[in-house]
Amino acid sequence: MDTTLGGKVVVITGAGNGIGREFSLAMAQAGAKVVVNDLGTSPKGEGVDAGPAQAVAEEIRQLGGMAVANTDSVAQWPSANRIVECAMDNFGRIDVLVNNAGFLRDRFFFNMSIEEWQGVIDVHLNGTFYCSRAVAPIFRGQNGGSYINMTSTAGMIGNYGQANYSAAKAGIIALSKSMALDLNKYGVRSNCISPFAWSRLIGGIPTDTPDQVERVERMKIMESSKIAPLAVYLASDASMDVTGQIFTVRANEIFLMSQSRPLRSVHDARGWTAESIAAHAIPALRRNFYPLDRSQDVFDWDPI
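Residue numbers (my numbering): 221 to 524.
Keep in mind the hints are simulated off the structure, nothing from the lab. One should not assume that every hint holds.
Stated by the list, open to error - Using 20 Å as the maximum straight-line C-alpha spacing, the simulated EDC-like pairs for lysine to aspartate or glutamate come out as follows: (1) 405 to 457; (2) 405 to 342; (3) 397 to 461; (4) 264 to 335; (5) 405 to 336; (6) 264 to 336.
Stated by the list, open to error - DEER-style ranges, computed between Cβ atoms: (7) 312 to 404: 21 to 27 Å; (8) 490 to 514: 38 to 44 Å; (9) 449 to 313: 21 to 27 Å; (10) 286 to 449: 18 to 24 Å; (11) 458 to 286: 20 to 26 Å; (12) 500 to 249: 55 to 61 Å.
Think of the CB as a built atom: it goes at the ideal place given N, C-alpha and C, for glycine as much as any other residue.
All chains, full assembly: derive it from the sequences and hints.
In structure tokens form, the structure reads like this:
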């Protein structure tokens, strides 16, 4: 199976730091031409700086690869189209889009501002749609392409203080599946990666309690470079039959995540009333209820 990327053009959003930077370097090393997109904001989405994208593109070029920097925002339709135009103008095609751009504005739901909600939704969820939609006609026209969409266990399982981020990441899972369904007949695939990795986005996690300190120390050993091999595989022709899936990477572990399916059912030929639901349906279903788990409660062992 050929996992090299020679001749392919890869667009990576949020590629100036952390996981995105590792993706860019790994894709280039595998032979791809890379569009390094990054607006250069802070971990909270503040400010603009062309430096990170330019630095990664230059690093790739110094290593003998081909790359161009782009600093357009994913969060608006016109600028998302300019990211695509950048790839076409410089390299003439696009084979892979990695939707990685994002930032955090964590706050408990009952204190979250409209701006904190909207900002995260705009970049993570709307940005994934805008960039993916802009690329879709190209993928359809060439009968092939790979979307790699970054999600999170915050969206699949849950975390404190991340209503905006969790909602966006859960939305990305549904969007990715829809893209996989709608574009499958054109040879286009769409998959999600949920990364566990120490990065600047999670560097601000509170360490006020022993439990929080232990969690942060555990996360520090999960290097962002560990995520890149799966992204390279999903970008390559070796993954031509892999679509509509959700993968989680945690150090040297790769998980295939479940997708929502019925767990248990109850039936009453007479129809249900509120009283009979309380008396019979809920007691029968309760054994399969999910607890209020957080991501760290489910992934509660040390990274391997």
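Hint by hint, here is what the structure shows:
no., hint, result
1, 405 to 457, "holds, 16 Å"
2, 405 to 342, "violated, 29 Å"
3, 397 to 461, "holds, 14 Å"
4, 264 to 335, "holds, 12 Å"
5, 405 to 336, "violated, 38 Å"
6, 264 to 336, "holds, 9 Å"
7, 312 to 404: 21 to 27 Å, "holds, 25 Å"
8, 490 to 514: 38 to 44 Å, "holds, 40 Å"
9, 449 to 313: 21 to 27 Å, "holds, 24 Å"
10, 286 to 449: 18 to 24 Å, "holds, 21 Å"
11, 458 to 286: 20 to 26 Å, "holds, 22 Å"
12, 500 to 249: 55 to 61 Å, "holds, 60 Å"
In the structure shown, a violation is registered for the earlier hints numbered 2 and 5, in ascending order.
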